[in-house]
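A.B. asks: The chain contents come next:
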Amino acid sequence: MNANIKRRLFLKGSVAAGTIGVAVGAGLLTPQVVMASWPKDAFGAKKTEDALSSLMGGSATTPSEDIKIKAPDIAENGAVVPVSIESSLNGIESIALLASANGTPLVASFNMGKGANASVSTRIKMGKTGDVIAVCKAGGKMFSARKGVKVTIGGCGG
Amino acid sequence: MASIKMKAKEKKGVVTVKALITHPMETGLRKDKKTGQVVPAHFINEVKAEVGGETVLTCLWSGGISKNPYLSFEYLGSKGDELKLTWADNMGKGDSKVAKVK
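The listed protein sequences correspond, in order, to chains A and B. Mapping to my numbering: the first sequence position 106 is 106, numbers consecutive. Mapping to my numbering: the second sequence position 54 is 54, numbers consecutive.
No lab work stands behind these hints: they were computed from the structure. Just so it is clear, the structure is predicted and the values come from calculations on it, not from any experiment. All C-beta atoms in this analysis are idealised placements derived from N, C-alpha and C, irrespective of residue type, glycine included. Be aware that one or more of the hints could be misleading.
[What the hints assert, rightly or not] Partial list, derived from the structure: chain B residues whose beta carbon lies under 8 Å from chain A:
1. VAL38
2. PHE43
3. LEU57
4. SER62
5. GLY64
6. PRO69
7. TYR70
8. SER72
[What the hints assert, rightly or not] No farther apart than 30 Å at their CA atoms in a straight line, the calculated lysine-lysine pairs in the BS3-like style are these:
9. B:LYS5 x A:LYS40
10. B:LYS18 x A:LYS150
11. B:LYS67 x B:LYS84
12. B:LYS79 x A:LYS114
13. A:LYS70 x B:LYS7
[Unchecked claim] Label-pair ranges, simulated between beta-carbon atoms:
14. B:LYS33 x A:GLY58: 37 to 47 Å
15. B:LYS11 x A:LYS141: 38 to 48 Å
16. B:PRO24 x A:GLY44: 18 to 28 Å
For reference, chain B alone in the conformation it holds in the complex (with noise of 0.2 Å):
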């Protein structure tokens, strides 16, 4: 699904990550201008980030994160770590993706 933008660079034992993900991030509140009706919530939930196998961060989400989210997180590790980054919405749909630390 190519929704996932990330990089992640490691500096003095600490990995620094940023990554941008497109994404509606409807609350479910706003109300679509042209027909009036009410745009039904789709967001994240639940972000997952992975390193070998084990899990580094879990982010829990609501629709007040916003559209295409911004997010960016640090965890000890090393270059060449394979970092995974993992989204699920609200509406059983996902994406991941994979990155080298550098």
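Extracted from the complex, chain A is given alone in its bound form (with noise of 0.2 Å):
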């Protein structure tokens, strides 16, 4: 009698769980705001070249003087590094920001639509010195530019 309970509260369980997941996935639980698919790999790698692979397909970037970085040499408070990102190279689809020596170094990724500028600014957390690198997608290649920041505090608030 005990097993039997148990087997169907169990697969009662198993069933509830499985159609969330398939509600989720059919988009019948989307929240509140629905968002596009947020690339959960390249958010997740551990290193900069996985990202760019994950998030661009590719991690092998030409180095360009056409993308420019503005961001402080020394950042006092690693908590709140303003970045800033300007390209004059054609056809730039989208620009990826990242902190070399952050955990999960993808920071953001910008999708340049309709009459876009290649030009974003924002405010992005470093955990300690590194890189801040922007690689800019155009035309089915990739360039970067990278600079060095100095962080004194680090930005996780750890």
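Now that you have both chains on their own, put them together as the hints suggest.
C.D. replies: As structure tokens, then:
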């Protein structure tokens, strides 16, 4: 008797979990605001090359002087490091922003839409001294630039 | 929710947008000093900017973006454009704001 009840509860539990999984997959349980697919593997990658391979399909980049990174030489507060990326390269489809010394280097990806200029600024967390790297994907090729930033107090609250 | 402050100015056909979003942007790595518990990851993972129903910029973010994120970008546009900025986070919350380009 006990074994039967346990088996039924077990099956009920697993079916329920399965149903929710299917529903989420089918988009029936989408959160309040719909999101595009978020590149989980790229954001979880622990190495810059792996993040780029996952995000852009490759990790080989050509250094370009046409990508300008503005970031402080020394960041007193690693929790808030202002970074600006600007590029005059033609046909940029997306820009990836990475912090080489962070546990998961990929910080952001900016996808250019209609009329967008390749010019974005934000503030990022840097866990320790390292490079801020900008990779621009244009016409199937990847171009990059990097700038070293010294961090005096690490930015992951850690 | 009023989490977005935004202004957009046009000059010589280029609109510069500056936005500040209120959000904890927790990485999921931080330990709460009082409780010793890890604070769960709670960060904006997508920001979308639209003008006239067309997407101008999509940002995919991680917890590596600073708390109360600042975002600035440029696009080719005109005064009077209605710019809509929307964010969504990993916990299904979100907000959006519309501003007119000056």
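A.B. asks: Could you run down the list of hints and mark each one as holding or not?
C.D. replies: The hints, checked one at a time:
{"no.": "1", "hint": "VAL38", "result": "violated (11 Å)"}
{"no.": "2", "hint": "PHE43", "result": "violated (10 Å)"}
{"no.": "3", "hint": "LEU57", "result": "holds (5 Å)"}
{"no.": "4", "hint": "SER62", "result": "holds (5 Å)"}
{"no.": "5", "hint": "GLY64", "result": "holds (4 Å)"}
{"no.": "6", "hint": "PRO69", "result": "holds (6 Å)"}
{"no.": "7", "hint": "TYR70", "result": "holds (5 Å)"}
{"no.": "8", "hint": "SER72", "result": "holds (4 Å)"}
{"no.": "9", "hint": "B:LYS5 x A:LYS40", "result": "holds (28 Å)"}
{"no.": "10", "hint": "B:LYS18 x A:LYS150", "result": "holds (26 Å)"}
{"no.": "11", "hint": "B:LYS67 x B:LYS84", "result": "holds (21 Å)"}
{"no.": "12", "hint": "B:LYS79 x A:LYS114", "result": "holds (17 Å)"}
{"no.": "13", "hint": "A:LYS70 x B:LYS7", "result": "holds (22 Å)"}
{"no.": "14", "hint": "B:LYS33 x A:GLY58: 37 to 47 Å", "result": "holds (42 Å)"}
{"no.": "15", "hint": "B:LYS11 x A:LYS141: 38 to 48 Å", "result": "violated (31 Å)"}
{"no.": "16", "hint": "B:PRO24 x A:GLY44: 18 to 28 Å", "result": "holds (20 Å)"}
Checked against the numbered hints listed earlier, the structure breaks hints 1, 2 and 15; every other hint is satisfied.
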